[in-house]
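Asks: Could you fit the two chains together into a complex? Lean on the hints.
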Amino acid sequence: MELLKKLTQTFGPSGNEEMVRELIIKEIRDFVDEINIDPLGNLITRKKGNGKKLMFAAHMDEIGLLVTYIDKDGFLRFSNIGGVSQYYSLFQKVMFKNGVVGVIGYNEKIENMKDLKLDKMYIDIGASNKEEAEKMVNIGDVACFLGEFHTNMNKVSSKALDDRIGCFILMEVIKSIQKHENDLYFVFTVQEELGLRGARTSAYSVDPDYAIAIDVTDTGDTPESKPMALKLGKGPAVKVKDSSIITHPFVRNLMIDTAKENNIPYQLEVLERGGTDSGAIHLTKGGIPSGVLSISTRYIHSPCEMVDMDDVKNGIKLLTLIAEKKL
Amino acid sequence: MLLKALTEANGVSGNERNVRELILNEIKNYCDQITVDSIGNIIAYKKGNGVDDKSIMLSSHMDEVGLIVTGITEAGFIKFKPVGGIDERILISKRVLIGEECIPGVIGIKAIHLQEPTERKNAVKIKNMYIDIGAKNKEDAEKKVSLGDFIAFDSEYIEFGHNMVKAKALDDRLGCAVLIEMLKEKYSFNLYACFTTQEEVGLRGAKVAAYTVKPDLALVVEGTTCSDVPGTEEYQYATRLGEGPAISIMDRASYSDRDLAMMLYHLGKKNHIKVQFKQTTFGGNDAGSILLTGIGVPTAAISVPCRYIHSPVSVMNKDDFEGCIKIVKLFLKELENKPIKKWEVIK
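Chains L and R supply the protein sequences, listed in that same order.
If you use this note's numbering, the first sequence corresponds to residues 213 to 539, in order.
If you use this note's numbering, the second sequence corresponds to residues 253 to 599, in order.
These are calculated hints, taken from the structure and not from any lab test.
Being a predicted model, the structure only gives us computed values, none of them experimental.
Idealized CB from N, CA, C, for every residue including glycine.
Certain hints may be false.
As the list claims (entries may be wrong) - Only some residues are given here: those of chain L computed to face chain R with a beta carbon under 8 Å:
| hint | residue |
| --- | --- |
| 1 | 252 |
| 2 | 278 |
| 3 | 533 |
| 4 | 536 |
| 5 | 537 |
Looking at chain R on its own, in the form it has when it is part of the complex (with noise of 0.2 Å):
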């Protein structure tokens, strides 16, 4: 199953080689043209009939959060810090690989007879913690370990419960899903999906690839935060698992074009697929980095919910990633032969 295969890969930012190369491979077949640049993001390339010479964007990104190795102290041990947004209390007792050849390790910290009054009523910091790889000495861990090594979480996808699926990285593998479906399409305009890179370090990718590829529109597709959980009151639940795909308005990043937006909202309405508006301003994603390339994109998003998102065991709803595909591939039929808001002349 791809969404399998696309959350078990490993790709932290600005190490999405693992990711690209599958992606590469599924799409291959469905081109006209197929770019990897030089930060490593893949542009694809679907050719319209030439009639219809508007240029639309799809993107979403290849990378994950993770952990980047800083040092290895005399006994062997890792010392590691954050790449992208982690709540450190999240890591102790996770299991990560590291590197190329995932060399299989465990976080961990002192255990807590030994800890004083305050460390144990204060979060654990990732500067206390340590990754064990199991190495005898410093030596030993140097000969699998290297500074600036990788670490990925290390998480199966399963599907259980009701239509649910636990995975790390489905933030935002699931994008990457929903854009390989869409490549299988043809459209009347020219479509360019882009797997983009080092998201979660600060939209970077997203923003040179919209430079190449200056479209007339965007759609971002992403993984987003979901807190329909015990101790959240109900308006602060950004989305709700299982209401569908969510529509962004606004968020630190960007303000999504209206019309699209709307757009997104009355498809799926229209078409009785489930859809909700997010709910909550925070967080960004490479609609913040596209909007702004060039004389300006307009640019919207649409995300599928994930509960503990940034963590090895993020959870999405089956139905809210199906809802996602045919909201999007709607959304792209929708645009076909139509003119578009460009740049308005008023006199």
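Only chain L is shown next, with the shape it has when bound in the complex (with noise of 0.2 Å):
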């Protein structure tokens, strides 16, 4: 629990995933054979095998802001790094690399929530001027979400479960592996959230057989929610299709036959809307059949994201014997 809190406090929009890249190459050292650092960015580690090349890969990236421009008075405004809601984003605190908090303020007085806009609003870091916000942030720095982190009964909730909470799975399924025949390789990607951009590179060069994203779905299990047919705490779910890919139907029964041999719960997942890195990794050189693991998430792209930790458990389970099984 100790990693999975320092894995989602640590600080890491998209584009900039070094402090999450450094925390991970510290922590899984010295259970694999090789650990490469891509162009983009990606951290590519392997544990050796004589078998099939089977890839997994989770992002290290978050959403966050990016400052455009400091005002006379020193506040900042930005633009979004992702899917940022306008809606969550109001009054919430952001931190940027070097700690410095900020406030997210509005320039108007808000009478219809329905009017709010990302463009009207601002950071306040406490300056009173430009030169005083000048020696804390520069244009082109960038701030992630504060969100703490917190368990209650099984559930988690943090920032930047999404997607770390993969990181996480990848990571425990890397200390768990026993006995494997396949070629496996743990991606933890950049970018995903500006549009799968590291996992494109990353499946370029490592080339797999078949591929497994692990990464946060919506779920349908708060009140009034849109029905979809996931819970927290159900098992993990096998992605059947979301607007990036229609999973390759060896590799879902793969992770559906898998998890029945050993009575891990699971769900089927069908998304609407959204996609995640194994969009990006199917349709590379000549395309690689890939599937994707889900953990239920509620409140997604908030400071406050929430997930079952019974889910991420079967998940890392099933992972691991996907990963020991003869391809």
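Replies: Next comes the structure, spelled out in structure tokens:
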């Protein structure tokens, strides 16, 4: 749990994943045979084997904000990095890489929530003028949302569970694998939130036989939520389809069969909108059969995303068994 | 003057031949090898000293936004659709040139007193506009114009005011002009200057050019949006005319390699050349295609601000253009004989 807390609380908006990368390297160094960083910053690790090449991918980046302008009174204007909701952003706290914390304010009286625009928000870092602000933050600097890590019952809530929960699962799988024939690649990707970018280039260099991405997905288990056949705590989800991929039947069935054989609970996922790294991977080179293991998550892209640790544990178990299975 | 010739040549996306010929003629004496690939990109190669084995790609696109002929009415008027991103409200009453023969025409709309109240209130749609080439009827028009002909704005290169330039297609002929300048120098590394096609319709040429070149790093030279004008809040300016070329941090298509972006910015500052960061993140350019090529390519973009971009009257400041040439030159010199970040083996 301490590791998951560290992972989620680490700073790592898209394009700025270096702190997450360092943390992961430190934790798994002794459990893998090879560690590489590619030109875009993907962390490509390998546990060597003589069998089929299997690639697992989870993205290190989280959504965030990019400073585009500092006004004379020291307020910062920003652009979104990835899918930042204006509704979730208002009056949230954000943190820059150097630790400076700011608050998101609004430059008009808010009369109708429907009219909210990111364009009218600013970050207040407590500076009294431009010069003072520039001592702390410059144009081009990036901030992540602050969202503390809490556990309650079996649930965890924090910022950036999307997709540090995927990174966490992969790290635990790396540590749990006993014997394996497959040539295993564990790739921690960059810039997923900006368009599945790191997955595309890392899949090109790894060139696997099969790939599985691990990411969060929506749920339909909160009051008045949009109907969706996924619930927290009912097992990790095997993706059938989202807007980026229809998963390959071989990989999908590999996940389903392995779960059944080992009495691991699982759910099937059809996500109407959204995509993940497998969407880029399965279209790389001549095509790579790919699937996705999803963790049902409430309040995605808010500073308080929530998952159930049973799903996480079962996800780790399932992927470990798949990694060890002769393909 | 080169920039005048470049901007006055017509090269709507997919139809860049005139621009390509002009550029080929300009660069023929400066390169070790010049290739025109299947999609029409020029890939101009300058061999390095053999010791410094890295490959650097420069990229600017030859194409410009424009229109395409989609129909001819019985009365001989030309119907059209846009090629690339054009604000349709700027089109009425503009002069255009159609096809290889450069048939002149003007964009028209029915007279204001005949427009319905709702038509007057709302912006005119392209589907209600037409091009008048002075034809008698359909038959007469068909002698000069065919379906699928490309249509370019008819606009002269003019210098005016305080060091300003007005022209069409500054986006991205100014980048082509910068690349041509760079080809005149010698470098320790292998330089590939790519003049790409079809950027305005989806960063297409750059995608295949980057695949062919497989560079270790890339720099895109562009014209970019600038709205430092009345009615815009200062934080929405994107860039400012006269404040130097703008370095991109992030846009819709790419996230610049931070080391390269900072290097460009500081080279300007250190050498007392005006330079700015681009303050908004919309739009995209060839960097988005290049960066995702192969195992990934660290990429940055430097752009000259252009007011009224994607119109017949885009406006830039000549000092910004000169500053861009200087910074790109310094950037390439700085990279000479230096190892660059490629693939890092940790274990």
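Asks: Please go over all the hints and tell whether each is borne out by the structure.
Replies: Outcome of the hint check:
no. : hint : in the structure
1   : 252  : 4 Å, holds
2   : 278  : 6 Å, holds
3   : 533  : 26 Å, violated
4   : 536  : 22 Å, violated
5   : 537  : 26 Å, violated
Figure legend: structure checked against the earlier numbered hints; hints not met, in rising order: 3, 4, 5.
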